[in-house]
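Participant: The task is simple: from the sequences and hints, build the whole structure.
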Amino acid sequence: MTPIRRFLAVLGLAIAGAGGTVAAAETPGVSRNEILVGSIQDLSGPIALLGAPVRDGMLLRFEDANAAGGVHGRKLRLVVEDSGYDPKKGVLAARKLIQRDKVFAFLADLGTPVVMATMPIVIEAGRPHLFPFSPHESTYSPVHPLKFQMFAPYQDYMEAATRNMVQTRGYKKTCLLYQDDDYGLEVMKGVEAGLAKLKQPLVEKTSYKRGATDLSSQVARLRAADCDFVVLATVVRETVAAVSEARKIGWNVDMLVTASGYSSQTHELGGKAVEGLYGVSVLPHPYEEGANRQLADWIKRYRERFGTAPNVWSAMGYSVADLFVKAADKAGPDLTVERFTAAMESLHTPRDFFGSPEYRFSREDHLGNRFGRIAQIQNGRWVILTDYLK
Amino acid sequence: MSGQASPQHAAAVARRLRTLSAGALVAAVAVFVLGADYALSQAAFVATYAIAGLGMIVIVGQCGQISLGQGALLGLGAYVEALLVVRGVPAPLAMAVAVAAGTAGGWLASLPARRLGGLYFAMSTLAFALIVEEALVRAEALTHGAAGLAVPTLVLAGFPVDASWSQALAAALALALAWIAARRCVASRLGRSWHAVREDEAAAAACGVDVARAKRAAFAFGGALSGLAGALYAHWIGFVSPEQFGLMLSFELLMLAFIGGARELAGALWGALVVVALPQAISVLTELLPAGTATPAGLESLLFGAVVVALILLRPGGLTASRTRGEDPDLTDTA
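Sequences listed follow chains A and B, in order.
One rule links them: number in my numbering = place in the first sequence (from 1) + 897.
One rule links them: number in my numbering = place in the second sequence (from 1) + 92.
Derived from the structure by calculation, the hints contain no laboratory data.
Ideal Cβ placement from N, Cα and C applies to all residues, glycine included.
Don't take each hint at face value.
If the Cβ cut is set under 10 Å, some of the chain B residues that face chain A in the computed set are [what the hints assert, rightly or not]:
1) Ala128
2) Leu132
3) Thr140
4) Tyr212
5) Ser216
6) Ser280
7) Tyr325
8) Ile329
9) Gln372
Part of the chain B face toward chain A, derived, beta carbon under 7 Å [said to hold, decoys possible]:
10) Ala239
11) Ser333
12) Gln336
13) Phe343
Facilitator: Here is the structure:
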């Protein structure tokens, strides 16, 4: 009898747990003194280079808010779980954050496979799923009361960026070098859509496998096609390899890299070879030199707190947490999921000291921003050339 | 077998009892500390990994071969399940096809064994895994390529298996079936031929064992279990993409077999417990560190690595192996 009874008890607990989220009088993760927020990051896997600064950026914003007295008197606490980019660990982390830690919302989960595996669990538990670092359409469309996103798919940025570059600089033969995966294909769709609006074809396209270091044959092929403008759907290392290769063979073609290549590492690794490279920026890199007073202060505080200079990912982490703080503040002292999402749906934030875009959410649109800017590497740093391209 | 010495038999029973009570204790602590939902969700993954681990143990521990591509067979099972269920095929039927696909994949992966042996054959299984991963990316019309595929909830007899307790139950049932099948195989003539091949291929061949056939059977059986595990995994994750079934998963499964102990079937369960649940336990423990400290990135992986190294140093034959080195339960059983 005992095992059966135990089984029934467990069953009862599980059912109570499932039903509890609906019937609970108290909002999970919200107490009189505290709001608990969960985040599933990659701190040990292939994109840990992004995960650590994103986490630190979020921590800094929450600490700033707490130092200012919290949100309606409640302190913010971030619980970070490491998925190592493994969806299995991601699923377990989501269950832990929901059931054990009882977080109020999920903020900036990182990595497409992890986000795709965990989002249904988060939504089913009735928690807001906010601003995941996965430019996947399903994170905001079709509109769901609990899903909000501030990073548009690459396709959107690249369509506008390609169109702007071709229109203002009069290129006639646009080509594409892309990573052979969903990221590369997404960029290709954007580039083709941009060119189609200008009634131009994509003259040549060539791909490489993720992790490739030698891109000489691809660059030679693009040169043979006589391209005058090359879009790079590459990440940092491949960007440097492609541009260096072109310059090495004396080909001085204009190149534009996606937001994945917009990183200080690109010019740190590439040095002189990547001078003049164009890039798409969603949020400017926080350079110490020439920073406005507020930004300089932020960089100083970040450095003191984490012992390292911030990068664009730190700024994104900070911005993501900033949106959360603003929405939680707007939701009022009686914080519930309904009040929070209602506040999100009318949230409109102005540009901040990073030079971020305006984020605007509505009942019909849960994607806060669709626009990027064109930047260029000049004298060893990214310089923003245009405003956000609409 | 019937003439087994009674002290040995009693020792075996005692060992089994100890294992069972240790397992029950671990489960009770997990439920108490973690909460039922989280613990059951882990149990579902542990059972699923244990199924794949059983397949690995048959190949590695029983037949003495090294497979570096087992993750790809899991991938085959997961994709077959996902593609069929999306098209409206009932899940149990799809699972049978997934098992068949895993079997076929395992058989295919074992073909180079006709010509190759040892490390060279292991390399060929690695190549097989790379080919499968690449094929999943390339067959875009079918698999959506690298963008991945959403998998609907598992529905068994009209009952949706979406809560963690039902997932744990379904996985445990599947594990029980896999366990019975593996036990029967290992105890059969085929199992004895596996052991003979493992100990000495030349001697086995001289005794009339068809070595190539034994290896093929081990891989096909291991593939079938991987296919089943993959099908379940696809439902638990709800999203499949080729990168999930890369070399990392294959190495994880190999590690599982060695940590648990490849000579005994129970090694699969212990190995799965270490590979799936230990990182979670470490993550819970690191929360005991002073609040407000930004724990260094990768601390949990570092601790996991340290624990695994310690386990291997203390129990070189795996968790289920007897403490005295060199003692082989199979050999003592058959003696």
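Participant: Can you name, in rising order, the numbers of the hints this structure does not satisfy?
Facilitator: 4, 5, 6, 13
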